[in-house]
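*Asks:* Read off the chains here:
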Amino acid sequence: MNFELNEDQAALAESLSRLLADRYGFEKRRALTASGAAHDEKTWAGLAELGLTALPVPEALGGFGGGARDLLPAMQAFGRSLSMEPFLASAVLAGTALRLGADEAMQTRLLPGMASGEIVSAWAHDEPAGRHAPLWVETRAERKDGGWKLDGIKSNVPAGGLARYFVVSARIAGAPADANGCALFLVDAKDAGVALREFRLVDDTAAGELVLTQAAAQPLANPEDSTRTRLAIQGTVAAGIAAVCADMSGAAQAAFDLAMDYLRTRKQFGRLIGENQALRHRASEMLVSLEMARSMAMAAAVAADDASAEDSAPDLHRAKLSVARNARNVALGAIQLHGGIGMTEEYAVGHYLRRIHVLDQMFGDADAHAARLAAALL
Amino acid sequence: MNFELNEDQAALAESLSRLLADRYGFEKRRALTASGAAHDEKTWAGLAELGLTALPVPEALGGFGGGARDLLPAMQAFGRSLSMEPFLASAVLAGTALRLGADEAMQTRLLPGMASGEIVSAWAHDEPAGRHAPLWVETRAERKDGGWKLDGIKSNVPAGGLARYFVVSARIAGAPADANGCALFLVDAKDAGVALREFRLVDDTAAGELVLTQAAAQPLANPEDSTRTRLAIQGTVAAGIAAVCADMSGAAQAAFDLAMDYLRTRKQFGRLIGENQALRHRASEMLVSLEMARSMAMAAAVAADDASAEDSAPDLHRAKLSVARNARNVALGAIQLHGGIGMTEEYAVGHYLRRIHVLDQMFGDADAHAARLAAALL
Amino acid sequence: MDLDLTPEQRAFRDEVRTFIREKLPSEIRERLRAGHPPRKQDTVAWQRILNERGWAAPHWPKRYGGADLGPMERLILLDEAYRAPAPLPQAFNVGMLGPVLMKFGTPAQCDHFLPRLANLDIWFCQGFSEPGSGSDLASLRTAARREGDHYIVNGQKIWTTTAHLADWVFALVRTDTEARKQEGISFLLIDLRTPGITIRPIHSIDGEHHLNEVFFDEVRVPVGNLVGQENKGWDCAKFLLSNERTGIANVGLCRERLDYARELAGRYTQAGKPLLDDPKLRADIAMLEAETRALEITNWRFLLTDSEQKRLPAFASVLKLKGTELQQEINALLARIVGPGGLERRSADEVTHGPIAPRYFLSRAASIYGGTTEVQKDILAKAIVG
Amino acid sequence: MDLDLTPEQRAFRDEVRTFIREKLPSEIRERLRAGHPPRKQDTVAWQRILNERGWAAPHWPKRYGGADLGPMERLILLDEAYRAPAPLPQAFNVGMLGPVLMKFGTPAQCDHFLPRLANLDIWFCQGFSEPGSGSDLASLRTAARREGDHYIVNGQKIWTTTAHLADWVFALVRTDTEARKQEGISFLLIDLRTPGITIRPIHSIDGEHHLNEVFFDEVRVPVGNLVGQENKGWDCAKFLLSNERTGIANVGLCRERLDYARELAGRYTQAGKPLLDDPKLRADIAMLEAETRALEITNWRFLLTDSEQKRLPAFASVLKLKGTELQQEINALLARIVGPGGLERRSADEVTHGPIAPRYFLSRAASIYGGTTEVQKDILAKAIVG
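Protein chains in written order, with the numbering used here: chain R, 2 to 379; chain C, 2 to 379; chain S, 1251 to 1636; chain G, 1251 to 1636.
Rather than coming from a laboratory, the hints here were simulated on the basis of the structure. Backbone N, C-alpha and C define an ideal beta-carbon position, used for all residues, glycine too. Some clues are possibly wrong.
Every beta carbon over 10 Å from chain R, so not counted as near; a handful from chain S, in silico [stated by the list, open to error]:
{"#": "1", "residue": "Asp-1386"}
{"#": "2", "residue": "Asp-1528"}
{"#": "3", "residue": "Glu-1594"}
{"#": "4", "residue": "Leu-1612"}
{"#": "5", "residue": "Glu-1624"}
Each pair of labels, with its calculated beta carbon distance range [what the hints assert, rightly or not]:
{"#": "6", "chain 1": "S", "residue 1": "Pro-1524", "chain 2": "R", "residue 2": "Thr-214", "range": "24 to 30 Å"}
{"#": "7", "chain 1": "R", "residue 1": "Glu-199", "chain 2": "S", "residue 2": "Pro-1257", "range": "24 to 30 Å"}
{"#": "8", "chain 1": "R", "residue 1": "Phe-65", "chain 2": "G", "residue 2": "Arg-1260", "range": "26 to 32 Å"}
{"#": "9", "chain 1": "G", "residue 1": "Arg-1260", "chain 2": "R", "residue 2": "Ala-35", "range": "52 to 58 Å"}
{"#": "10", "chain 1": "C", "residue 1": "Lys-268", "chain 2": "S", "residue 2": "Leu-1562", "range": "51 to 57 Å"}
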């Protein structure tokens, strides 16, 4: 059992934190959202320079073959800095889907460009009617003129507007909830029949609704191998869960730190508000929640790296459940401790609640994972 | 809209409080439980003298025709004083069942004696396999030799050992959960085939398991009229819900009062513990819970008096749900504010948690009523 | 003991309900139902419709254009507004400033302002909070010095709700800097068009503009705009803050949002099944509904019963605490119901499926504004522990 | 970063598990599983079985009969005991007094007592709390005055767990009444058979006898029973209280009770349906199970990682707070599961379906004993706010 970062992880985390401190201070982040930009291109270039975009890519394809453990400190840093970079969408989600679901040719075509940061891809899997069901796919794929055409709608595609390619799940056979009968496809954002309605999520990050109308699509691998597809989807979702758990725990840490600073500096009725026992106790409760979130972010990373193992699923469910709940507690407490200033958009603390809320809704919310955990255990 | 006691109610409440202060101080109550007695006979006589046992009995049969509203302050006083008297079992439950389910002859035979306190009856309806299902009856009734014989087990019969008669629900037709097919019977505690295993509940009150083996039984009225039976059972349960909601709100009030006294007198680290803001805030939260419990105890009384009205059921479900939850919060807080002494049997505060826990489990717990409320509203 | 309306109250409720059904523009109703805040023109239009009917200022005496209603009738008006849902009466005009003028104002001030307040010809906002004052209101530092027939005001207010929509502000200013905190404060009415006033928006975490900073730089205010006596403004403020507790519990709001939760849960599906069939969600809705009922009865009990008010004069804090808790939980429930479907940030003009998640974020203000949860608990503790 | 046991640790765990399965009398196992506290003879018998195997005192050095295990191995021993469930090592002997003797005791004291502590030949209890002292331990007033070779002890202890089962008590007594609070306290070992000692039972709200008052009336204690220096007993107490945090989170207990909750929910039916099929109950169990896992990993993280201990030296309070909360919630869940079937008060000798509701009541002590929740939050706040 080991809870420390190794040297590479620690060094990378430090470089990343420096980059983000430099480019993603809260005021810079505010200017960025105000500018209408979906992300900061220089930061993205910096991430590539640090090798972060290459981290999850296999070594044979120009990457470092890192796993969720290696990504943990980076994702925490993204959470702390309220990053809007398409890292989760491209490097983590689309990258994992390609790694697990694509044949060699497809991997060779895309992953080196994703490793260098030049290609941004997005993971387009969730559909509105599925809500939190992990394998609900209504999008249909049909063979036509020697190729494949997709029809369907994918909701809340993270970083959709930045993506050159979409990795899309679509159904070849069966009903929407069937575990099998799906395949993964690559869709070029520029092709006919591919329409993206871009919008911002409530945490300011960019997303889009992908509407596919007889859109040309290329299977990542043999589309009949629906077991592989299922494992690729599950592995991608597992990587996503680990990433957002890390992100939420980082966001909670930042909200907590802001609140503690505030308690130590803000005066009211002639004394530091941090002298109020009721606020002090709230701070202690927040610390307990924070420590739980940190622990379960680690558990999620370990479980995602081992997602093929039989017993990794419970830890993923537990983590998604527990991190979201505990991180949210921290954010709510941090806002309350701040009072009025905590309710404003020009102060960072409220943004952490917004971020945690969005991430809580990705890959299944607390209720969904409680039900799945119960199914796994009871 | 009116939230005050009328003169009669206020006068009775005051007399009762004096009686209980005199006979049911906590030390006397402890001596009573230590003695092994199931209740205090002099208190019971006093209740009869005050006319309390006659309160719910119709005027034509020697009573005062009072309803749940009239019982509210009395039940609160019983809760405050941790009463072990068989008032709920006999006057409220068996009395209501007879009033709603028995023909004139049967009422004339029993209710005057119950009004005077000479006859104690008990309500034997719940069965182990039903748990919180309100109409689960497996006990079978069959016609035999011109009479009726019952077979079955009734669990947690309050004041079972004190009862001369049991009012027993039994099934003539249908499956255990059917709303119809039941009838109510009178069973004489002294008859053959009637066995009561007596025990104490975890709040020290007496109860018993009634085992009926070809026990002679007399129908309260036409046993084929299963609609009347259903309404009588529902009305009895409604009266029971109102009574235990009142009792729990009284218990919560007493626990709250003890805790406030403790905060105002106990010193630690050289100052009153009531100066600690964290404890003060806990006290405020308890007050909020207490006020909610008080309100819903009133709502339950009003709804029970009007139990035949279509829209009374939601308030009964809400009250059972809300009073139990809020009263429990108060009791838990009161124990915590006391620290070690709150954990002991020789101090009253812990007994309120025990009482509230027992009453929470009667007539359906919070989960059961949440489900029923949802069915009524959604 | 009973929980029924009297026949008169019932008739009044039906009258109000019918009135709202007939007069409230459906576009406004739908916007509010979807979770949007009312626009200024919605509030103004509705306030004038109410004023025509004589219901614009439910608790004011009739001679000032009020309806002179009893507490239950006021509650009925409010509940029906929430139920519709309709815009609420503009709180600063009707709930706050009106009563202050009637108690402390000159006849001329009353005659001039009250009709305009009731009809929303003038939109007032409240200038109490300052940077650094927070819950410690009396530590305010915005100063007014007397020069002839004018006060010259300098300083800054913050968290000024709707200042950007308002015509006037009623403000607490320090007129004696030597006196102790609560003394030396005056209550001034200030026309926001006066030179020297700058309003800077503060966006809230729902992304919307509700709040402002208001800066005063040598702003000249006629002495006739002083309410009550100079240096006695704290009396006005105390009176204002203790006044009009009809709406503090927000029961009607909880009910309306719970109704909407049921509506949305019926509309949403998860993996092909109606969300409203989910037993856990059902139990959670039921729990909140039951607690809302408990708050409703508690609200009636305290607002209508003298003996209860005497027993616990600090009862408003009970109502505020529980009302806050429920509002926040119900908003969290709504955000959970819309789930991923509520993550998209939309424009405030969109009508269907309003900003449910942003409104959940904004609901966190309920435990901060109008006396924080911590302040309410301090008040209650004082009452029950000493 | 990984959450796996090393092959050695895994082998150790299997060894412990096999040992317990083979050696633990099934009658004891079943009693504990049903929710009963262990009887004295259960604890003694099991402690001696462990002692034979060398595992009676996991963290003591071998020369005193300990197992000298690392933190992970100690945790494995404890978790497996909970898992079985088996009686836990007698805490006063092994977890508290033993380490104090090794640090502050004389060689003679160590030689005499340590083997007897490990083998439970002597059952010690702890005499710290006094009426009126509560969380303010140092305000104790039980006095010991020196007379020749003896201390003469007068006073009263309270909340003395298992005093009625014990042979000896280690007590804090005041030997200098002039000195400041924490000074002037000494740490004495007192044979409970000494004349002048009266033990009065205190029944807890579960109806059982766990606690006692212990009265000292001119009780003669040989000076050789002083541990450490006279008037320096506070050092022993501080050391004792900060010592041995392996068990503070009680993760194993939470797991074992959750397993039992699942077992009971599978056994109970409601209106003909297995309770375990109820979606709300399933969600509640899952939520608690997930939080137990969060606590488990946090426990490992702090117990095994120096950098974490340095980052947050007050980490034990985190573990205590969360462990307490979970224990209490899980006990409430169990009481809810047995429902009306758990209302009957039964004798402690009954084996099936133990005192679930009483144990729920008793679980409220978790936030009071061993440093109240309020004290733990004060400690943490000091660490993070200052």
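*Asks:* Please go over all the hints and tell whether each is borne out by the structure.
*Replies:* So, going through the hints one by one against the coordinates:
no., hint, in the structure
1, Asp-1386, "violated (5 Å)"
2, Asp-1528, "violated (8 Å)"
3, Glu-1594, "violated (5 Å)"
4, Leu-1612, "violated (8 Å)"
5, Glu-1624, "violated (6 Å)"
6, S:Pro-1524 to R:Thr-214: 24 to 30 Å, "holds (29 Å)"
7, R:Glu-199 to S:Pro-1257: 24 to 30 Å, "violated (58 Å)"
8, R:Phe-65 to G:Arg-1260: 26 to 32 Å, "holds (30 Å)"
9, G:Arg-1260 to R:Ala-35: 52 to 58 Å, "holds (55 Å)"
10, C:Lys-268 to S:Leu-1562: 51 to 57 Å, "violated (27 Å)"
When the structure is compared with the earlier hints, violations turn up for hints 1, 2, 3, 4, 5, 7, 10 and for no others.
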